[in-house]
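Protein chains: 2
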Amino acid sequence: MTLNEFGSSNGKTVLVTGGAGYIGSHTVVELIENGYDCVIVDNLSNSSYESVARLEVLTKHHIPFYHADLCDHEKLETVFKENKIDSVIHFAGLKAVGESTQIPLKYYHNNILGTLVLLELMQKYDVEKFVFSSSATVYGDATRFPDMIPIPEECPLGPTNPYGNTKYTIEKILNDLYNSQTDLWKFAILRYFNPIGAHPSGLIGEDPLGIPNNLLPYMAQVAVGRREKLNIFGNDYETRDGTPIRDYIHVVDLAKGHIAALKYLDNHENKNKTGICREWNLGSGKGSTVFEVYRAFCDACGEDIPYEVTGRRAGDVLNLTAKPDRAKEELQWQTELDVEVACRDLWKWTTDNPFGYQLNGIESTFASPENKYNARFVTIGAGSKFQATLANLGATIVDMKVDGQSVVIGYKDEAGYNCGPSSCYIGATIGRYANRIAHGKFQMNGEKYNLTINNGVNTNHGGLGSFHIKRFLGPLVKNPSKGVYTAEYMLIDKDQDTEFPGDLEVDVLYTLNVEEKSLKIEYHATVDGKATPLNMTNHTYFNLNKVNNPYITGTELQVINDRSIDVDENTIPTGKIITREIKTFKDEQATILGPQEPKYDHCYVVDEHKVPAGPDTIKDGTLTVVARAYHPESKIGLEVSTTEPSYQVYTADWLEAGYLPRQGFAVEPGRYVDAVNDERYKRCVTLNPGETFGSEIVFRFY
Amino acid sequence: MTLNEFGSSNGKTVLVTGGAGYIGSHTVVELIENGYDCVIVDNLSNSSYESVARLEVLTKHHIPFYHADLCDHEKLETVFKENKIDSVIHFAGLKAVGESTQIPLKYYHNNILGTLVLLELMQKYDVEKFVFSSSATVYGDATRFPDMIPIPEECPLGPTNPYGNTKYTIEKILNDLYNSQTDLWKFAILRYFNPIGAHPSGLIGEDPLGIPNNLLPYMAQVAVGRREKLNIFGNDYETRDGTPIRDYIHVVDLAKGHIAALKYLDNHENKNKTGICREWNLGSGKGSTVFEVYRAFCDACGEDIPYEVTGRRAGDVLNLTAKPDRAKEELQWQTELDVEVACRDLWKWTTDNPFGYQLNGIESTFASPENKYNARFVTIGAGSKFQATLANLGATIVDMKVDGQSVVIGYKDEAGYNCGPSSCYIGATIGRYANRIAHGKFQMNGEKYNLTINNGVNTNHGGLGSFHIKRFLGPLVKNPSKGVYTAEYMLIDKDQDTEFPGDLEVDVLYTLNVEEKSLKIEYHATVDGKATPLNMTNHTYFNLNKVNNPYITGTELQVINDRSIDVDENTIPTGKIITREIKTFKDEQATILGPQEPKYDHCYVVDEHKVPAGPDTIKDGTLTVVARAYHPESKIGLEVSTTEPSYQVYTADWLEAGYLPRQGFAVEPGRYVDAVNDERYKRCVTLNPGETFGSEIVFRFY
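Protein chains in written order, with our numbering: chain A, 2 to 703; chain B, 2 to 703.
Hints are computed from structural coordinates only; laboratory data are not their basis.
Treat the hints with caution; some may be incorrect.
As the list makes no split between identical chains, a pair holds if one copy fits it or if it spans any two.
[Claimed, not checked] Here are the simulated lysine-lysine pairs, DSS-like style, with alpha carbons at most 27 angstroms apart:
{"#": "1", "residue 1": "K76", "residue 2": "K107"}
{"#": "2", "residue 1": "K107", "residue 2": "K85"}
{"#": "3", "residue 1": "K230", "residue 2": "K274"}
{"#": "4", "residue 1": "K636", "residue 2": "K600"}
{"#": "5", "residue 1": "K264", "residue 2": "K287"}
{"#": "6", "residue 1": "K274", "residue 2": "K107"}
Full structure from sequences and hints, please.
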């Protein structure tokens, strides 16, 4: 998949209701790829916000999310007030045929009222384009008429269950509303056949809460051992193998059908002075039996999963195969992916995410008073002997707990981290330029840059609005093997956003290993347009004895060596590397931190004879232990390793912003102080277009 | 119409949604006649509470009313909490076909959500019987099928407008809900054809707000001059005269169809262990063209009203005539009244109420903090030079205004009137026995009765819970001719309710004449079961100079004569009639009331030689002026006339309950003090079954 590059938005914002769900999330990907901005509204009744966090990483776009029920007029109105909506794609709705026969009132109430409130607000806010997620279920049993298979849009409707009745009613509402103002409304009614498969990235897919109601997700759960066997509802239909025939359509094809419909409405808007209300089948035109799909899926997953044929299910009909000609002709859309591809993609999604978006050991909480969904704290390894809590803001380490004991300082919500000039970067990702740039000045490819001065005469830890106060995209959270969790944050930092040149894309990948009690941080970045200086680190303040004492007093700190960058009274490097008189790791003796002394705020050099050749120290360097710390009272030890050539050690003697001096110490691996202004070091902090930046830090506890 | 006698309720309470509306109100009459109790919920969006007030008088039953929108779950739940509902008849809904094509969202939202909330609450409160007001509109154009006129219930549905779609959808909801629990739900879906006509009493009928959407009310408004001419929408249909054919059904027949359906559900409940969901046409089976109905109506009103043929109306179909066989067979119901009767009844309703329930010069306000609808103050003659404000509680005179100036005392809401033992009966209707009964004892037909003593050793102004704190039914308010207003209140006071014998039915009829500045009060009553003592009056306290002085000081009071009933120290009559030394009307000289003296609290006799022969002084007596009063400062005069043989004059020297002594004076015509215990007078205060009680008082201002 080729994503649009930044800034190629067509300026149109699409409100996607139910955008966290199966079809909704896949459609958001296609919308963004096609230049639309998306706002998602979802009540998460049958979906997870995780899908939206993953969409942000997958699409590299911020996606505003509202946790709202469409029936809640007031909440939904906020969405229209806060965003300039151009069109609406309406997926939200209860959709289980079987359940709908048990609790029909809930289906009618939710699906119909939700749509009415949405349309009322569209009317109020002058939004006229609407793509509706209908269903082939509205046709009911099309075999009751002669020559109606494959089913054309003209087939008389006759749904046979409450779910289908709600879709049918909404179609009527749309027709009636259109007829009340035929010059105004532009409605596309899309009658889906059977959506299956998943995004080829394996990042998003179908993740039904509870027992799946559809064939494919059920088979997938059987294949990964979550369910015992597949139930096949009836093999006594009049078909080639006795099982009912459906028109299965890859969800990515289906998603693309929405873009085709939306563009059709856009064009219609431009060309005509009238509105439109029209139905299109979205199907392949090719029917498959349940057994045929079963076969394809077994081929994809490499084993024959157990199944049992049980009785027919209420509301099921013999054959629902689309006549897709109208969509092909008018929308220039047709399916491109077949059942086999869908089964392969489903199997990738299933094996990558055997429990869908529901991961044990992951917890999310809101980190802003307004419960903004992308202002979250995500804990990975939750409930285990080692866990880390991370924030979108600054891709910050909010907390780490070793055997249940917190060993770092951090705030309880975003307000703490957003404390302005007195910010101490607590736990945050630092960029674009960690540590000082002398006088805030540098040159890159002959161009001179001036950054905002924020530290004496220098710029420290990035320019204006640096990474620690940026809201990162994601995270994409995974549990790739037992006891290992990853959380990937992404930041798109465009040219001059933070006073630096070039469009930068940064990935921050946290990997937590419970058994090893280690948290690995990887920074990866590429730049587009112009070269940029880049030097990243993490600014966690540790207090290994925090459970007993808010101060670091008594911590035994060992630093790998005593060679350090010499600086003048303005903390500008003199160009020399000097020896500092401290006990080092090499002595096998630790420095014991007292209440006031010794004070550390020096940049140590791992090996003064070995300067990285380029911006990727992961590729070019080796992982070296640079510091250890231990506290005899808590008996917790820390080892810091990195691929970076230097590391600042800081005993927090100027800590403020809600904390007091010496309530933590920081070990900040990175590149040499002011390297961008020193020809010996400049290459390794210069990222050119086409290059990759890499750096790795590991915090391991013992 | 024969109404059930009191106490013949079958114990079942029916919640009638939209019960203030056209079909709803007529059905309430039939329900009560058939022994059901009714609770009405209505949002009054297209109806008036006046219809409910009239229903109370017409049915002689209290009808709890909730001003609530069905979409308001919380408010509607109150109804279910406060009443033991046995079944629901659901009329509420927007119903104008033409309007529905203009504002379809409102129709879907209101009609469908209202029904869903109602059904959700029925589910929660275990109410399972439901009669739904559907419409023949669900069939759409039945002529599109061969042999479907007259239309049977099996005719495929296909509504052609949003209104019909909402009815169709609700039918689907009911079917789906029934199918989810077939042992539980009992649903009757009644598909109305065209309801016309009105109740033969002329008290209730169709009263559309705004321009009528239906043929008959439109014709009626043309006939009384409210509209210029009738529009006939198309005379080019393929019918005998070119106008569309409809099956018109008298609204009383239609109402009876609901009783038939409800009884069918009741019986089904008793006989079967299963539920039911079934549709019945309610129609006559006889189609009439628009021109035929036009002819019948012109015959009824005696003139050919003007009409114009205009184009066809969107959504209209050729022919909607019912096949009514299923209802006849299963519900034992069929129409009994034809179009001619309906037109006559409509004409009576129209001529009695040319502006329906909307009367100029009538204003209502709530008189209780909870905004209970039958706790109302109704002002008749509002905005004119003479007006009276009346309350349901005690059928009380709350205020009278002469040329804009209030001349009586009264409270601002019911709380004032409900002040318990210290009540001073301000403005109230007094009964069953005005004035004193010695020692609270009397005999009637050989039986001895003891009343609660409330005044020294006597019972004054009725027994426990006497009329002044009873909530009267109604009022039925009319404007029979220019400047004349009537308000009729009714009270059903059953045997022993107020410690008196016999089931008493009392009417209090106020007639206000603006030009004459007079308020006439008529009391009419009958008793059932046992004979009762009866003596009624009104206890208004006048202060003709209230606008200038809260005290009656300076009032020139003239009393017709000086002969008065002598009483002992316990205010028990001695049996003598004595002369009191006061200046009388005969002297043409008034007594001037001072700040403290003279004190009046005497019962004067109109003519000691002329005792009424029976309980009806209107029939047997003559209207005589008994007192006059005038205040030179306000220049307002009062003349009190009555058909009664005596009148208490009271200068309020013991007034309390928020007022002070001598803030008003009362002239209370009635029958002799303790007459029930004096054989000379007892006959005129004895009401036997089969007799009528009558009495009249007129307050006229000059």
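Each hint tested on the structure:
1. In this assembly of identical chains, K76 and K107 lie within 27 angstroms of each other by CA distance both inside one copy and across copies; the values are 20 angstroms within and 20 angstroms between.
2. Proximity of K107 and K85 under a CA criterion of 27 angstroms is satisfied inter-copy only: 25 angstroms between copies versus 31 angstroms inside one chain copy.
3. Taking the closest pair of Cα atoms, K230 and K274 never come within 27 angstroms of each other, the shortest separation being 55 angstroms inside a single copy and 37 angstroms across copies.
4. In this assembly of identical chains, K636 and K600 lie within 27 angstroms of each other by CA distance solely inside one copy; the values are 23 angstroms within and 100 angstroms between copies.
5. Proximity of K264 to K287 under the C-alpha cut-off of 27 angstroms is restricted to the intra-copy arrangement: shortest distance 25 angstroms within a copy versus 53 angstroms between copies.
6. Taking CA atoms no more than 27 angstroms apart as the test, K274 paired with K107 passes between copies only; the shortest distance there is 26 angstroms, against 39 angstroms inside one copy.
Checked against the numbered hints above, the structure violates only hint 3.
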